[in-house]
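From just these sequences and the hints, can you work out the full model?
Protein chains in written order, with my numbering: chain S, 957 to 1127; chain U, 1370 to 1923.
Among the clues, some could well be false.
[Claimed, not checked] Here are the in silico distance ranges between beta carbons for each label pair:
1. Gly1100(S) x Tyr1402(U): 39 to 45 angstroms
2. Phe1908(U) x Ala1022(S): 21 to 27 angstroms
3. Glu1009(S) x Asp1754(U): 55 to 61 angstroms
4. Val1890(U) x Ala1005(S): 40 to 46 angstroms
5. Cys1879(U) x Asn1101(S): 29 to 35 angstroms
6. Asn1101(S) x Leu1443(U): 35 to 41 angstroms
7. Asp1754(U) x Asp1097(S): 58 to 64 angstroms
8. Glu1036(S) x Asn1599(U): 19 to 25 angstroms
9. Gly1100(S) x Lys1790(U): 46 to 52 angstroms
10. Ser1755(U) x Asn1101(S): 53 to 59 angstroms
11. Asn1101(S) x Thr1511(U): 30 to 36 angstroms
[Claimed, not checked] The following residues of chain U were derived to be distant from chain S, with all beta-carbon distances above 10 angstroms:
12. Leu1439
13. Thr1708
14. Arg1727
15. Ser1753
16. Ile1791
17. Leu1845
None of these hints come from the bench; they were simulated from the model. Positions of the beta carbon are idealized from the N, C-alpha and C atoms, including for glycine.
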Amino acid sequence: MKAILTLTFVFFTAINAFSQDANSTENHLKKLPSVNLKDIKGKSVNTAALGVEGPIIISFWATWCAPCKKELNTIHELYEDWQAETGVTLVAVSIDDEKTKSQVPVYVNGKAWDYMVLMDPNGDFKRAMGVNNVPHTFLIDKDGNIVYSHNNYAPGDEDKLYKELLHLSGK
Amino acid sequence: MKRFLLVSIGTFISFLSFSQGSVTGNIESTFQYLNADSIIDAKQPAQKGLLNSYMNVFYTQGNFKAGMRLESYLPRIQGYPNRFDGTGIGMRYVGYSNGFVDVTLGSFYEQFGSGLSFRAYEDRALGYDNMMDGVRIVVRPTSGLVLKGVYGTQRLSFQGGSIIHGAGIVRGIDGEFHLNEGIKKMNEFPLDVVLGASFVSKYQEDNNPDLILPQNVGTYGGRVKLRYKNFYGDMEYVQKEQDPSNDNNYIYNYGHASVFNLSYTKKGLGILVSGKSVDNMSYRSDRTKDLQDVFINYLPSLNKTHTYNLVATLYPYATQPMGEVAYQTDVLYTFKKGTKLGGKYGTTIGGNFSTTYRPQRSTAGINPLDSTGVTYTCKPFHASDSMYWQDINFNITKKINKKFSTILSFYSIKINNDVVKISNDAHGIIHANIGVGEFSYKFNTKHSLRTEIQGLFVQKENGLIKDKGNWATLLLEYSISPGWFFSFMNQYNYGNPDVNKRVNYPILTCGYVRDATRFTVSYGRQRAGLFCVGGVCRFVPASNGLTLSFTQSF
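As structure tokens, then:
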């Protein structure tokens, strides 16, 4: 234990020394962490390089989370308009584990969602994003910076998200 | 020790404020003040107040990463596993990763395939954490190929502010190859193929004076995933070597587990059929442990995870690692907008059926008392007629107009209380029918009201009320977007055969959310019961009192 702590100490000091070289005047924004996930069709995706242009909404959800589904079904009705106006892509990250993971495509297709759906069965991305509980929704600008997040969903929260999205798109 | 800890945290914080890397993390704190309540048999703890707190800090800069979690139990909240106490570091790691290699030293979570052979994960709501402490390496040599290696000991508990590790060492390797990504000729091939294999081994010293126990026990298996247009299928099979343990009464049988999923999905329709067969697959890094301690593998129950209060918490099914054969089908269909049944907004109907049986074990040609220690044989997917669980449920989701929407659900659940012990008040199969109506009304863009009316009806047996009889629940939730919500819930056990136990369980909750910060306050009664996530359950005693919780992400 002691050894590990000492190691941690040394390591952090080392990183600290390195980090002084970085441009300290740059505006400090939180970047999307890099985690390797699979999409709903089994293709590998790195969360730091989602390969989409324009702003991104990342919404953590699960098949057993009623407010999450309510939020994503509400946005589903607005999504075409939002996309046309702002070029946004919504990435729905399912935290369903092995127990309910197989029900994710059933729900996503059954509801005819057009979102990019990623699978996070062991909570790696959830942990990296500091998510305590679902639903938790993040807004990411086109440079990969996290600019807004909201934990919870109540009807009407989509309006606030939309406002933030418009603000981000300079509209 | 303490000094080291402080120095380490101090440096951590100071370096966070200077460096240009990225920091993410979260804080969670739950406080309870409990009253004694003789009607529901709730006790007041000697300390009166209870407090659980956690903070995760993850740091990445370029290819470097480091992180830790501090935990504090002063003392642990009601129903949490009793082996947690003190304040200290519950998880910490450093690592390096680029596109080719990812190395972690310290604590990590990982899963091989569907987890039948290996899964280290955390579920804080349950107090479940079988994190690995050691080293992990993930290599991606070519596109589509992922190789993983893990080596370490598992987190057993957290005492006096320190991690306590399990007795055994766990090591494993796993490989998965997505042919269509890895082989150029297959890039555009319509059939999508993924192949995978894993090998896991545990070592624990044989300290048993009476038996010769295998010190190294391996589990190995393979998996395949196929996708063709709208069809998808996957399958995994693992086998475990002889692993005499407290769970299986020290028999020398091999264990096996298999799962499969078949699905067909297109826009507006999803159909899934799944099956699972498990025999003698409790696999822990300490053979003497029980409950949820140091599991190396993950064997979830095969059924839908329900969300409505009475369905989710009164008769939940807990997975049986010693053996079960289970099947499930899940269907969801949306009637399009503008059709007769779809109406203006579309209508969604869902159905789900799951059932679980005891495996058929044969003793033909086997002498259970001979020196081999093998007591039966059991083939995959060979079920007996002893039912553990059955759930048939339907729901319909309909938006009536811009302001009003509704979800109607019906559930019929049968649970074998002799095997999956859920109640001390009943024997045999408990059969409950549950109806839930959920109604949401939006007053304007910010104000809305949600109501749930739930009834649970336990089938009588020989004219007698079974278990605790019928229940009703009413929930009212008023929310003001994006900040506030207020809710009132009452569960009423109006059908209890004992008139003195026809108790109301009211609870009032108020919450405030601002961006990634959330405060909730609740006051009221909570009934005793099993709290389950993913078929993993813990018992929570009845309580009466105040709960404050705070969560923050950053």
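Results for each hint:
1. Gly1100(S) x Tyr1402(U): 39 to 45 angstroms: Taking Cβ atoms as reference, Gly1100(S) and Tyr1402(U) lie about 44 angstroms apart, which means the hint holds.
2. Phe1908(U) x Ala1022(S): 21 to 27 angstroms: Roughly 25 angstroms apart at Cβ, these two residues keep to the hinted range, so it holds.
3. Glu1009(S) x Asp1754(U): 55 to 61 angstroms: holds (58 angstroms)
4. Val1890(U) x Ala1005(S): 40 to 46 angstroms: Holds: the Cβ-Cβ distance is about 42 angstroms, inside 40 to 46 angstroms.
5. Cys1879(U) x Asn1101(S): 29 to 35 angstroms: holds (33 angstroms)
6. Asn1101(S) x Leu1443(U): 35 to 41 angstroms: holds (37 angstroms)
7. Asp1754(U) x Asp1097(S): 58 to 64 angstroms: holds (60 angstroms)
8. Glu1036(S) x Asn1599(U): 19 to 25 angstroms: holds (23 angstroms)
9. Gly1100(S) x Lys1790(U): 46 to 52 angstroms: Given a distance of about 50 angstroms, which is inside 46 to 52 angstroms, the answer is holds.
10. Ser1755(U) x Asn1101(S): 53 to 59 angstroms: With Cβ atoms ~57 angstroms apart, the hint holds.
11. Asn1101(S) x Thr1511(U): 30 to 36 angstroms: Since Asn1101(S) and Thr1511(U) have Cβ atoms about 32 angstroms apart, the given range 30 to 36 angstroms holds.
12. Leu1439: Holds: least Cβ distance 13 angstroms, greater than 10 angstroms.
13. Thr1708: Holds, since 13 angstroms exceeds 10 angstroms.
14. Arg1727: Check passes; 20 angstroms lies beyond 10 angstroms.
15. Ser1753: Since the minimum Cβ distance to chain S is about 23 angstroms, Ser1753(U) lies beyond 10 angstroms and the statement holds.
16. Ile1791: holds (18 angstroms)
17. Leu1845: holds (14 angstroms)
The structure is consistent with each of the numbered hints, conforming to all of them.
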